[in-house]
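Based on the hints, put chain F in the right spot on chain W.
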Amino acid sequence: MKARPILWLTLILDVLAIALLKVAGWKWFAAVFLPEFLFWMLRLYWVNRPLFQFIRRRLLHMVPVIFSVLVLSFFLIQLAPGDIFTQMALNPDIRPDTLESFRKGFGLDRPWYVQFFRYLWNALHGDFGYSELYKAPVFTLVAQRAWNTLILAVLALVIAWGFSIPAGVIMATKQYRWQDQILSVFAFAGLSLPSFFVAFLIIYILTNTGSWLPIGGMHDIDVEKMSSLGKALDLAKHLIVPVFVLTLAPSARLTRIMRANMLDVLGQQYVTTARAKGLRERVVVYRHALRNAINPMITIFGFQLGALLGGSALVEVVLSWPGLGKLILSAVMAQDTFLVMGSLTYGVALLVIGNLVSDVLLALVDPRVRLR
Amino acid sequence: MRRVIIASLVILALLAPLSAFAGGKTETPQAQKTEPQKAPETTAQPATKEAKEAAAGIAASRFPGIAEIDYSGWEIGKSGGQIVVAQLSDPKSFNLITAAETSSTDILGRVYEGVVDRNPLTLEFEPRLAEKWEMAADNLSAIFTMKKGLVWSDGKPITAQDVVYTINEIILNPTKDDKGAYILKTNQRDSYRVGEPFMKVELLDDYRFKVTLPSLYAGLLNTMSVAPVPKHIFEPLIKEKGIAAVNSFWGVDTDVTKVVGSGPFVIEQYVPSQKVVLKRNPNYWMKDAKGQQLPYLDKVVYLTVDSLNTQALKFQSKETDILSLRGQDVATFMPKKQELSFELYNGGPAAGSTFVVFNQNPNGLKDTVKLGWFSDIRFRTAIAHLIDKETIINNLMFGFGFPQDSFIPVVSPYYWKDAPKASPEYNPEKAKKLLDEMGLKDTNGDGIREDVKGNRVAFNLITNAGNTVREGVGNLLASEAKKVGLDITFKPGDFNALVTQLTSTYDYEGIIIGLTGSVDPISGQNVYPSKGNMHMIEPLQTAPRRQWEKDVDKWWDYANLTLDDSRRKEGFKNVQEIWLKELPWIHTTNAAAIYGFRNTIGNVKPRPIPSAAGGYLVISQWLYLK
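Protein chains in written order, with numbering that gives the first Met the number 0: chain W, 0 to 371; chain F, 0 to 625.
Here chain W stands alone, though its shape is the one from the complex (with noise of 0.2 Å):
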């Protein structure tokens, strides 16, 4: 079969798919990203056979990564004192039958491994639970704030990687230069503060010297009346103190790895080869050596995709950053297990796909790697 008309199939009955969602009345994000998904993957198919094995292949691990964490997690908390309600046990109007009437309804009172099982019988079915402490579903829940946290992640994340890779490449040339020291300096700063402390010292900062950066928060309060522009804008506004924060860390880290690589690469006796051949030195860093230190940092990529978007809880509470940190957080403290259980889905699903994703780079990356 040829691929060309394939791809041109697949793509007409994409949009045709997306078209049929939306006219169904699912919401935008769903309707798009499902129909994508498939097609991609009937494309690879056609297209690129072991490529779409490897994919499916990962994609199937996923399920007992996701069932183990679930395992731990759900035992994690049933071993915590107490539960859900017991924040409610010290209020004097609520007699301890009462109490004992709301566990019995929430099925607390059943052994753990009826209730884990239950809840996963629920979860199969796209039931996540109920989270006692919002009175919401959990799904519900997560989805509200789970955008909120994305924008973060992937805003730190490039920009984290858009600064690290010059970075660690200028400090491989240089080395040792004051280029080197200056950079390294902020390299180890962003190593050992905490984010949640340079937060604080941040919004500190800017409160008693007046400016005009919103002391956290994600909109103003007059949001609604702004123009697309005006939001856009006051987003920005917003996104620029608790994505400074988050990208420390992880920039300090990837220029560090960047610059040891480099300076691995460039030791190399092939290195050395392209300079006598007498090519620039631009090129020889640009095109030879640095896509080879790139290699290993791929890998770093999936897990921190993970871990972005899983936590920073603590820069979102002192930030008042209406995200999914925050939620688990104030989930894991009242013990409301199925809240914390959704959570913990979410996110270890996406840094299962995280992981994914950098393999698959790496795959297209390195010719040497043959996915097996």
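Don't read these hints as lab results, they were simulated from the structure. Source: prediction; values computed, not measured. Just so you know, not all the hints are guaranteed correct.
As the list claims (entries may be wrong) - With a straight-line cut-off of 27 Å between C-alpha atoms, the simulated DSS-like cross-links for lysine-lysine are:
id, chain 1, residue 1, chain 2, residue 2
1, W, 230, F, 298
2, W, 224, F, 278
3, W, 103, F, 530
Relative to chain W, chain F alone:
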């Protein structure tokens, strides 16, 4: 050349972020105006604020620089404006029936009005949605008459039907599931109990309903501060989907503009984890003395700001208009009053108690030696003599606190005025004497007393980690105790673990804990009588073990199975007296509720006392922008 350009561009790019500190929002601080000197008493015109207040009969400021609040009456304000206030976490529900935590009830308390409620100025009960109530001659029933012409925020009329439906068909709905648990999850059910049986509420006609008590009960008005929910919305819901649907109705995923209420505000917008915007309810019934409709404000915005530190900073950068200050914040904010144009107010002691309690439960504490010590009044009095309330207030609360001697708030009419006198004072010498009397002496010179059998007087004291005042109290007590020869191991720990020890395993030794309080002490009916489940020294007793507990039980019933106020005062006085003599627990201190309000806000009269639908009353319908 190119390198120079690139280098200078990079340096410029690195310096650009410094523009963030260039200002542009607030003006540069003006020169500090000197404090007005106290004018000599030549003219009749008082010059300073303090003198003005003294002239108006307001108590002189207990905390210098912080204004006392004048609770004598409301000013007439004008309509319009918006204020922004921060809250620690966002609401978890917009359903008044099922909402359980303060983040939700704080907001719902502004959206709903009770049948009756306490007047925030006088703290007396007054009719709100009701027109009046009449007690029957035998005080076993009351007929409530609703005001005519009241409407919900969606325009439908508010009648007695709403109240009776809310109580009978929703809160007291008897439907249980197959495990024997009530299907409807609400905290409000138990407030309709007098002992075991429930009150009976019946509809008389469209505007009157009758409440019948199984026995004399002083908490009737407490219970009747219930805020009804609209029958015309809940009845079709329950008919169609059953009572279980109420549990998830009007949750955080709902369209908030559809939440119908009877209070001064309605919810205009909710952005999860970010803000809740309330706007004026055009159908609110209350008017001011001039006939202007309340509330004065157009909008109130609640911003979710998770960290108290960030809240303080937002207030400082004028993003919020009201701040609830902690003791440590006052010193930072005091010099900024002019520059940020706000005033600090002293709301008095926050209702609630913090105390040290020792386990006297023979079924819980298996160590009979320690049980013996804790059960000895001399031991507990000795510990009470070791609690230095002044130091706690000065060091841990930065001076913004009040010593506490009773579980009843000072502003309550049932507070025993002589409680401070009867309370054991800080006196380590007396403590030493009492411990000597008990036979606890340091026989082996290690600085710690032992009893006659050689057991070292050493025990654990715990509290919940994260509460800096309680942790400080514990550390202070441990160091004072060390000086008189007691070895206290103080460990802050997880709150849930603490609660489990207090309410199920009963195996703690000493705990520093606190309880909420309210104007009518009847809210403590699970705490002070010996059969209460929160009678912490030994809960759920079938019959009082100790003579003083018998007396407390007797006086408690005396105070509450009646409506005669003088009897209630007498009863509670005796309970407080016994509590201070027998010291089942030892009260420590209360934080002062210090608020910062922008100068543009008028009618600032917050009350740190729990109100009907929820929360401390800070955002009231009387706030206005000058």
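To see whether the hints hold, each was checked on the structure:
For the proposed pair residue 230 of chain W and residue 298 of chain F, the alpha carbon gap of about 21 Å is at most 27 Å, so the pair holds. Between the alpha carbons of residue 224 of chain W and residue 278 of chain F the distance comes to roughly 16 Å, so the proposed pair stays at or under 27 Å and holds. A distance of roughly 24 Å separates the Cα atoms of residue 103 of chain W and residue 530 of chain F; the hinted pair therefore holds under the 27 Å criterion.
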